[in-house]
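> In the UniProt record's numbering, the protein residues as written are 1 to 171.
Hints listed in this document are in silico derivations from the structure and should not be mistaken for laboratory results.
Where a beta carbon is used, it is the ideal one built from N, C-alpha and C, also for glycine.
One or more hints might be untrue.
[To be verified] Label pairs and their in silico Cβ distance ranges:
hint	residue 1	residue 2	range
1	92	42	14 to 24 Å
2	111	74	32 to 42 Å
3	108	74	31 to 41 Å
4	120	37	33 to 43 Å
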Amino acid sequence: MKLLHMVCRGLFVAALLIVPGCDSDPPPPPTLEWLEQLLSVAFPTDCRVIGGTESSESSSLCLIVSADPLPLPPDRDSKTPSRSSRGKRPAGTPFPVSALSNLLAASGVSPDDVPRLSDDRGASHVGQVGDWQFTYREAATESGWLTAVELHSHPSAGRYVVSRGNQGMAE
Numbered sequence: 001m002k003l004l005h006m007v008c009r010g011l012f013v014a015a016l017l018i019v020p021g022c023d024s025d026p027p028p029p030p031t032l033e034w035l036e037q038l039l040s041v042a043f044p045t046d047c048r049v050i051g052g053t054e055s056s057e058s059s060s061l062c063l064i065v066s067a068d069p070l071p072l073p074p075d076r077d078s079k080t081p082s083r084s085s086r087g088k089r090p091a092g093t094p095f096p097v098s099a100l101s102n103l104l105a106a107s108g109v110s111p112d113d114v115p116r117l118s119d120d121r122g123a124s125h126v127g128q129v130g131d132w133q134f135t136y137r138e139a140a141t142e143s144g145w146l147t148a149v150e151l152h153s154h155p156s157a158g159r160y161v162v163s164r165g166n167q168g169m170a171e
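Produce the complete structure using the sequences and hints provided.
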């Protein structure tokens with residue numbers, strides 16, 4: 001009986017150690033290097049991650065400020081990897097810039113890092129690279145651009161791990 005009590009107590013303690021605590025810090029957003037590799041793009045050198053979240057192993061959000069719009073990933077479904085009109089950015093789908101403000105607030109971005117948005121409409125670009133669906137939500141700021149890059153692994157894909165400060169790998 002005593003042995004059963006000790007085993008139950010040990011299992012309870014082990015369960016407490018496995019469950020993440022409420023006071024644990026949220027995982028950091030993906031790194032620019034990992035995003036560049038995943039999306040097959042080269043971000044400008046002035047890009048800076050100001051926040052983001054990783055809600056699960058198959059979904060993440062990264063908030064990036066830059067002087068110019070971030071390059072869009074090549075369309076993997078098209079026959080040519082480049083766009084027909086090189087110098088012109090696709091229009092994208094309009095959305096209210098308040099959506100970016102909400103993402104900034106939800107991600108807990110420091111008020112010092114929050115750029116002042118200069119436009120009342122942003123543009124959203126949606127696509128797929130490999131097993132990942134991506135959404136770029138971008139808007140002009142007074143000093144450049146703010147882009148929210150959202151990534152979701154495709155439901156039919158294997159389990160993906162977005163590792164902190166390293167590369168994401170399929171398991």
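> Please go over all the hints and tell whether each is borne out by the structure.
Comparing the hints with the structure gives:
1. 92 with 42: 14 to 24 Å: holds, 20 Å
2. 111 with 74: 32 to 42 Å: holds, 36 Å
3. 108 with 74: 31 to 41 Å: With a Cβ separation near 33 Å, residue 108 and residue 74 satisfy 31 to 41 Å, so the hint holds.
4. 120 with 37: 33 to 43 Å: Taking Cβ atoms as reference, residue 120 and residue 37 lie about 34 Å apart, which means the hint holds.
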